[in-house]
Amino acid sequence: MVGSMDVPAKGGFSFDLCRRNDMLEKKGLKVPGFRKTGTTIVGLVFADGVVLGADTRATEGPIVADKNCEKIHYMAPNIYCCGAGTAADTEAVTDMVSSQLQLHRYATSRESRVVTALTLLKTHLFSYQGHVSAALVLGGVDCTGPHLHTVYPHGSVDTLPFATMGSGSLAAMSVFESKYKEGLTRDEGIELVCGAIRAGIFNDLGSGSNVDVCVITKGKTEYLRNHELPNPRTYASSKGFSFVQGHTEVLSTKITPLKPKPEVTVGDAMEE
Amino acid sequence: MLGHKPSLPLPPHRTPRSAVSANLATPAMSIFEYNGSAVVAMVGKNCFAIASDRRLGVQLQTVATDFQRVFKIHGKLYLGLSGLATDAQTLYQRLVFKHKLYQLREERDMKPETFASLVSALLYEKRFGPYFCQPIIAGLGEDNEPFICTMDCIGAKELAKDFVVSGTASESLYGACESMYKPNMEPEELFETISQALLSSVDRDCLSGWGGYVLVVTPTEVQERVLKGRMD
Numbered sequence: 008m009v010g011s012m013d014v015p016a017k018g019g020f021s022f023d024l025c026r027r028n029d030m031l032e033k034k035g036l037k038v039p040g041f042r043k044t045g046t047t048i049v050g051l052v053f054a055d056g057v058v059l060g061a062d063t064r065a066t067e068g069p070i071v072a073d074k075n076c077e078k079i080h081y082m083a084p085n086i087y088c089c090g091a092g093t094a095a096d097t098e099a100v101t102d103m104v105s106s107q108l109q110l111h112r113y114a115t116s117r118e119s120r121v122v123t124a125l126t127l128l129k130t131h132l133f134s135y136q137g138h139v140s141a142a143l144v145l146g147g148v149d150c151t152g153p154h155l156h157t158v159y160p161h162g163s164v165d166t167l168p169f170a171t172m173g174s175g176s177l178a179a180m181s182v183f184e185s186k187y188k189e190g191l192t193r194d195e196g197i198e199l200v201c202g203a204i205r206a207g208i209f210n211d212l213g214s215g216s217n218v219d220v221c222v223i224t225k226g227k228t229e230y231l232r233n234h235e236l237p238n239p240r241t242y243a244s245s246k247g248f249s250f251v252q253g254h255t256e257v258l259s260t261k262i263t264p265l266k267p268k269p270e271v272t273v274g275d276a277m278e279e
Numbered sequence: 334m335l336g337h338k339p340s341l342p343l344p345p346h347r348t349p350r351s352a353v354s355a356n357l358a359t360p361a362m363s364i365f366e367y368n369g370s371a372v373v374a375m376v377g378k379n380c381f382a383i384a385s386d387r388r389l390g391v392q393l394q395t396v397a398t399d400f401q402r403v404f405k406i407h408g409k410l411y412l413g414l415s416g417l418a419t420d421a422q423t424l425y426q427r428l429v430f431k432h433k434l435y436q437l438r439e440e441r442d443m444k445p446e447t448f449a450s451l452v453s454a455l456l457y458e459k460r461f462g463p464y465f466c467q468p469i470i471a472g473l474g475e476d477n478e479p480f481i482c483t484m485d486c487i488g489a490k491e492l493a494k495d496f497v498v499s500g501t502a503s504e505s506l507y508g509a510c511e512s513m514y515k516p517n518m519e520p521e522e523l524f525e526t527i528s529q530a531l532l533s534s535v536d537r538d539c540l541s542g543w544g545g546y547v548l549v550v551t552p553t554e555v556q557e558r559v560l561k562g563r564m565d
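Protein sequences, first through last, are from chains A and B.
When the letters of the first sequence are read in order and numbered with the numbering used here, they come out as residues 8 to 279.
When the letters of the second sequence are read in order and numbered with the numbering used here, they come out as residues 334 to 565.
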């Protein structure tokens with residue numbers, strides 16, 4: 008087999024290791040689970056724009072991998088996207104479309120439209136037939152008004168006045184269905200979104216920790232990170248552990264000083 | 334005689350001896366449990382510590398007790414790789430190659446955040462045929478601000494302000510670090526804390542242990558220590 012140089016990839020996925028991984032699976036080794044954001048993500052349209060909300064728990068099977076992760080991703084100054092599903096997929100897909108939108112803004116000299124982001128996302132997800140497992144709630148305000156959409160991993164979209172996705176979506180939808188009405192004010196909208204996310208946090212095991220909110224109106228976006236912290240840590244003792252120095256048995260020690268970086272200064276011009 | 338012998342269950346199909354696993358007596362193990370590993374990183378006051386166990390195993394047999402899992406990228410940036418050992422070494426070689434090219438082009442070292450994005454992109458590229466590794470990246474930024482992050486085997490970054498864990502002992506490590514960690518520890522106390530967290534966690538995991546290797550990095554020096562642990 009000719010040794011291949013590590014040529015820089017032209018972009019997209021590389022399937023080099025698939026054959027080896029299939030062979031390992033046949034030998035009886037299980038493929039690991041990926042980090043998921045078993046999640047509650049919601050969005051609603053109010054009088055002046057869109058409010059998005061998300062919880063902040065990332066899980067790896069039954070273990071909480073991250074107690075305060077960010078699930079509301081930036082797409083454009085006026086468009087944000089909440090992501091549920093496999094964490095790497097939601098991050099990669101939203102990053103990719105965000106870059107494409109920026110290039111499009113440079114090419115057209117116009118503010119990005121929500122439907123542009125929507126089309127880019129759904130064509131990408133459809134072409135991978137659901138294997139890129141990203142379920143998204145996309146919301147924003149552009150020149151045509153406020154918009155809220157949901158995108159499913161297989162590439163289908165819905166346009167809705169209020170939407171929920173993720174494992175906690177049923178808990179959150181119950182709050183929306185009972186209390187949503189058209190023409191909510193900004194504060195009512197935020198309170199409703201927080202109520203829906205709290206329903207997910209407390210009733211769904213895959214969601215937890217804090218509530219993140221993002222309010223998008225014409226010309227202004229506010230990202231309220233950790234807007235509510237309904238689960239403070241109460242079990243830590245104030246003293247904490249303290250280990251006496253020398254407590255741990257050490258076999259060998261090696262200390263290497265770090266060389267300070269040489270300062271490069273612009274000197275005088277050389278004299279002939 | 335019309336006796337109808339009940340059919341015996343067929344013996345399990347023994348695959349021919351191969352480099353991967355000569356012994357299929359254990360039922361389907363996760364690929365992460367093939368070699369066994371434990372890596373943890375913690376943030377202190379203007380310093381960070383990264384530690385790993387030293388066992389290399391082939392399923393339940395120990396093959397080496399001095400295996401390196403924490404690799405240096407540059408003076409203030411270290412990479413810990415848990416999971417399948419062969420993928421850990423390949424990934425480390427690929428990343429060092431990319432970092433050396435970066436150093437030649439930019440005439441400087443990579444910032445830890447940039448390196449984390451590089452690792453994430455490299456892992457996500459292999460989304461449908463991944464490297465079976467969970468990296469932990471730990472470094473000091475430009476202003477000597479410590480940075481740690483971990484990701485799953487397809488590159489989902491998790492930035493943390495306190496500690497990150499990975500490997501077969503990760504569940505125990507989560508518990509130990511959650512209770513032992515304190516913010517703003519000095520290097521000596523950080524060393525003791527991370528060592529105790531590592532040793533107590535690997536003692537509850539059959540597949541990792543056999544000593545520990547701890548690296549504490551401050552803006553002026555790097556302290557490497559090998560810990561004495563239970564050799565079982």
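There could be a bad hint or two in this list.
[Claimed, not checked] Partner residues are not named here, just some residues of chain B that face chain A (Cβ under 8 Å, in silico):
#	residue
1	Ile364
2	Ile487
3	Glu504
4	Leu560
In short, the hints are calculated from the structure, not lab data.
Remember, predicted model here, so these are calculated numbers, not experimental data.
Yeah, the Cβ is synthetic: ideal placement off N, Cα and C, and Gly gets one too.
Outcome of the hint check:
1. Taking 8 Å as the C-beta contact cut-off toward chain A, the hint placing B:Ile364 at the interface holds, the least distance being around 4 Å.
2. Checking B:Ile487 against chain A by beta carbon gives a least distance of about 4 Å; that is within 8 Å, so the hint holds.
3. Look at B:Glu504: its Cβ gets to within about 6 Å of chain A, closer than 8 Å, so that hint holds up.
4. Checking B:Leu560 against chain A by beta carbon gives a least distance of about 6 Å; that is within 8 Å, so the hint holds.
Of the numbered hints given earlier, the model fails none.
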